[in-house]
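Student: These are the residues of each chain, in order.
Protein chains: 2
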Amino acid sequence: MAISVDTFFLNSDAQGTLQAQIQEMIAEGILSGRFRVGEKLPSSRKLAVHLGISRITVTLAYTELLANDYLTSRGRSGYFVSENAPVPPIYTPPVQSREAVDWDTVLVRKFTGGDTPRKARDWRGYRYPFIYGQADPSLFDHANWRLCSLRALGQKDFAALTDDYFDQDDPLLIEYIARHTLPRRGVIARPEQILITLGAQNALWLAGQLLLNQSSKATIEDPTYYTLRDQLHHVGCQVDCIPVDQDGLPPQDISDDTDVIFCTPSHQSPTTATMPMARRRELLQRAHDIDAVIVEDDYEFEMSFMRAPSPALKSLDSDGRVIYVGSFSKSLFPGLRLGYIVGSEAFIRQARALRANVLRHPPGHVQRTVAYFLSLGHYDAQIRRTAKVLQDRRQVIEEAIIEHGLTVSGEGVYGGSSLWMQAPDGINMAHIAEQLKPDSVIVEPGAPFFSAQHRKHNFFRLGYSSISANRIAPGLALLAQALKQAETA
Amino acid sequence: MAISVDTFFLNSDAQGTLQAQIQEMIAEGILSGRFRVGEKLPSSRKLAVHLGISRITVTLAYTELLANDYLTSRGRSGYFVSENAPVPPIYTPPVQSREAVDWDTVLVRKFTGGDTPRKARDWRGYRYPFIYGQADPSLFDHANWRLCSLRALGQKDFAALTDDYFDQDDPLLIEYIARHTLPRRGVIARPEQILITLGAQNALWLAGQLLLNQSSKATIEDPTYYTLRDQLHHVGCQVDCIPVDQDGLPPQDISDDTDVIFCTPSHQSPTTATMPMARRRELLQRAHDIDAVIVEDDYEFEMSFMRAPSPALKSLDSDGRVIYVGSFSKSLFPGLRLGYIVGSEAFIRQARALRANVLRHPPGHVQRTVAYFLSLGHYDAQIRRTAKVLQDRRQVIEEAIIEHGLTVSGEGVYGGSSLWMQAPDGINMAHIAEQLKPDSVIVEPGAPFFSAQHRKHNFFRLGYSSISANRIAPGLALLAQALKQAETA
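Sequence order for the protein chains is A and B. Just so we're aligned, residue 1 is where the first sequence starts under the UniProt record's numbering, counting upward by one. Just so we're aligned, residue 1 is where the second sequence starts under the UniProt record's numbering, counting upward by one.
Just so you know, these hints were derived from the structure itself, not from any lab. Just to be clear, a hint being listed does not mean it is correct.
As the list claims (entries may be wrong) - The calculated DSS-like cross-link candidates involving lysine-lysine, where the alpha carbons are at most 30 Å apart (straight line), are:
1. B:40 to A:388
2. B:484 to B:456
3. B:437 to A:156
4. A:110 to B:217
5. B:388 to A:46
6. B:217 to B:110
7. B:110 to A:110
8. A:456 to A:110
9. A:437 to A:456
10. B:484 to B:437
11. B:156 to A:119
12. A:119 to A:437
13. A:388 to A:119
14. A:156 to B:156
15. B:110 to A:217
16. A:156 to B:119
17. A:40 to B:388
18. B:119 to B:456
19. B:437 to B:119
20. A:456 to A:217
21. B:456 to B:437
22. A:484 to A:437
23. A:484 to A:456
24. B:388 to A:156
25. B:456 to B:110
26. B:119 to B:388
27. A:437 to B:156
28. B:217 to B:456
29. B:46 to A:388
30. A:217 to A:110
31. A:388 to B:156
32. A:119 to A:456
33. B:484 to B:119
34. A:484 to A:119
Claimed, not checked - What follows is a list of derived Cβ distance ranges for each label pair:
35. A:109 to B:276: 31 to 39 Å
36. B:192 to A:428: 26 to 34 Å
37. A:49 to B:143: 30 to 38 Å
Every residue gets a Cβ at the ideal spot worked out from N, C-alpha and C, and that includes glycine.
In isolation and in its complexed conformation, chain A is listed as follows (with noise of 0.2 Å):
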């Protein structure tokens, strides 16, 4: 690759000769690895030109870089990088001298540490990786999914989805949404009620943002999803973790100052329990009561592969009282980054002005292959696909799991890509996990998903849906063997 001659400027302030800066410019480039060696040097003329120097004082410069091995010369093609200059492996530049901003006063807020864990980025290069919400790529359809993004990526398609869509979503997307996906949930919606999120979490973000603030309070189920206590915590709100049982969130267990309730009836995350419907109609007559909004969090529907799910909240909903939040992040793969947020026209009228205000929209198209991907069939298919693995999987884990005598606390009896493990009392599963890095097995600690006060340590999630089946068994094997060492420990 060429260097640009655009990279080169002159200081006004520095000390030595014109012809020591351009060396000082080159052998700094070369050094901290921003020029690499074969890398051809702009002419002496087009950087005199540019510099607004004479083309001597450039050539000087050159030919003082080749006698030290920076730069050789290729004859009339010109300058380059040399292969006997030093060449650092990566570009490292210097860190910079010197700090003069105290950080730590001036950044008035700071969103670092919290509840939400750091999970391990190279879980592909484990054995045994148990671990929840990455996709697996044998199961995507990849080459439907470039077919629709090539689709998108048209000349037809283009100039819509090149546009600033401002406030704005792709109309196809949404009104797929409307029609195929949410009636599958039992919930009946208008595109002014739809608003597209950059995935499920900025949803429950825009959520406690316009619906919280320092005098409000939250109800969320404990335990549950870490960064949405996170969110919460950074609202600044009262936030009321309530203890789940077999059925989910307990109503009666509400306080009758909460503001909002935040739950996963369909699927509790991550205990995996299904709320029953008559508890469903409890907590909307609860929510009715103390004239509370409700935020549902309905992940996972797709994975019901035991049983048909039971509809949405959401369908329940009389009052308009909730807010429905979906994903197709989960389904498709996690790096989509894509979800949608359902809710009453002045709510989302406000969702979509707080949306703009932060990011404009979501990329129109990736919300274009979407729209394509669901309405030719191949997301449906997908998630057939999807769900017979799982299936097997499920089968194969639950075998294993007796096999080795390991508790299951919660299995959704839906389905779902995993279960809510319970080691016995003493254990910490966050050293289990460390423990079992080397031997090439991925484990979630489930601690980060309890509240500070109902803090559990001997409880882990053991996903399924990114190992093969085949390994679920050796690899619950070393589990059960580390636990075992644990407690003779």
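Chain A is fixed; fit chain B onto it per the hints.
Tutor: Chain B alone, transformed into the frame defined by chain A:
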């Protein structure tokens, strides 16, 4: 398309027989436009199994709907929505009957309103679109973009890109920005100092959230990018709006208690003023003296077709005090939603955590496509091509402006894609813009760029990035005519 069995649910509260319920569900689906002419109903066997009822009940319901002409039967291939069924033109589910929630009270924060204007989505239908910030599809290298996208969709990249990145970015894109993009602005940064954002607007939002709260003060240019003002309004900080002059923001007008200065030194938005080097040093000195942080929005630097751009303010920053914002959305296409923010590691760490909290990360595939488009040289080629076309248009527009006696208030000395125009005093450009729409002319009223206290109504922005050269003169003729009429009225 076949109607999925999953969209049928029995309502245990419903009145009437099971057969009547099924008829009603199907009729509702047809009447609301959710089921369309020719779409196939599930087989009676399938629907009966799904609902857990007798097949004869379903068959009776279907027979009844057949008699009423809602459905038609094609012998053994099943039941379909009849051509004679009453079908609304688009899907319009009924408006929810009851809104039990008082959204005005429940929504504790409101984001509608504000200074950000609503713009015409249908600008492509106009003959004379002097619109700003939209792509010109005739300039975009669509073929190579598709190739890059396909490459990023290839089997090799796919696994990496479909993963949940948690809080990380595509290392390829980050490396390119560090090695090639930033050095052109005289900026040297390490990967840990760079974060990818959902466009420049998202970058400004992140900075506002982290650096300001209700007890701090921001200084912004006046006029300025209106959405920035909206963002700061929602932060709740004090905002000083400092009128810019021909050289941009005057440093001596920045008050001592300013915490953060937002500015556009290379190319003031919207006046296009370029800040001279001497003033840049003065601005840095002023920021140093009052210990303020500077957020530099370096927009449109690629559009420097008249003169090489001066290096970014950030390149002169020896304090680590400048946070730099760049974007690919403007120079590629705005629907892309991809930008970056560069700053001290302590700042980027928090920006990364905030981004992860709100939306995790920008879609991986979009990042990788841009990385390829950049590293294969297509981006540079496109910038050169665009610059050439803009240069031609600039000449045409300047000539037409002189011909029609219009007044330029600001014109970028480096180039750019718009002019900042001044109509005679007393003219309200919002009215003129409305008036010109039937003549197929779009111009952008300038008032929203001004703060409330300094608002002027006789300015406007004339974009030339989406209008072909031969349309410029006739479009300006219409504009000049409207202005003349308004003056004499």
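Student: Decide, hint by hint, whether the structure agrees.
Tutor: A quick look at each hint next to the structure:
1. B:40 to A:388: With a Cα-Cα distance of about 25 Å, the restraint between residue 40 of chain B and residue 388 of chain A holds, given a limit of 30 Å.
2. B:484 to B:456: holds, 19 Å
3. B:437 to A:156: OK: residue 437 of chain B and residue 156 of chain A at ~26 Å, within 30 Å.
4. A:110 to B:217: Roughly 18 Å separates the two Cα atoms, so the pair holds.
5. B:388 to A:46: Roughly 19 Å between the alpha carbons, so the hint for residue 388 of chain B and residue 46 of chain A holds.
6. B:217 to B:110: The hint holds at about 22 Å.
7. B:110 to A:110: holds, 24 Å
8. A:456 to A:110: This hinted pair holds, its Cα atoms lying about 26 Å apart.
9. A:437 to A:456: holds, 21 Å
10. B:484 to B:437: holds, 17 Å
11. B:156 to A:119: holds, 23 Å
12. A:119 to A:437: Holds. Residue 119 of chain A to residue 437 of chain A sits at ~12 Å (cutoff 30 Å).
13. A:388 to A:119: holds, 28 Å
14. A:156 to B:156: holds, 28 Å
15. B:110 to A:217: It holds: about 18 Å lies between the C-alpha atoms, which stays within 30 Å.
16. A:156 to B:119: holds, 23 Å
17. A:40 to B:388: holds, 25 Å
18. B:119 to B:456: holds, 19 Å
19. B:437 to B:119: This hinted pair holds, its Cα atoms lying about 12 Å apart.
20. A:456 to A:217: holds, 24 Å
21. B:456 to B:437: holds, 21 Å
22. A:484 to A:437: Between residue 484 of chain A and residue 437 of chain A the Cα gap is close to 17 Å, so the pair holds against 30 Å.
23. A:484 to A:456: Holds - the C-alpha atoms of residue 456 of chain A and residue 484 of chain A are around 19 Å apart, at most 30 Å.
24. B:388 to A:156: holds, 26 Å
25. B:456 to B:110: holds, 26 Å
26. B:119 to B:388: holds, 28 Å
27. A:437 to B:156: holds, 26 Å
28. B:217 to B:456: Roughly 24 Å between the alpha carbons, so the hint for residue 217 of chain B and residue 456 of chain B holds.
29. B:46 to A:388: holds, 18 Å
30. A:217 to A:110: holds, 22 Å
31. A:388 to B:156: holds, 26 Å
32. A:119 to A:456: holds, 19 Å
33. B:484 to B:119: Distance ~25 Å between residue 484 of chain B and residue 119 of chain B Cα, so the pair holds.
34. A:484 to A:119: Holds. Residue 484 of chain A to residue 119 of chain A sits at ~25 Å (cutoff 30 Å).
35. A:109 to B:276: 31 to 39 Å: The hint (31 to 39 Å, Cβ to Cβ) holds, given that residue 109 of chain A and residue 276 of chain B are roughly 35 Å apart.
36. B:192 to A:428: 26 to 34 Å: holds, 32 Å
37. A:49 to B:143: 30 to 38 Å: holds, 32 Å
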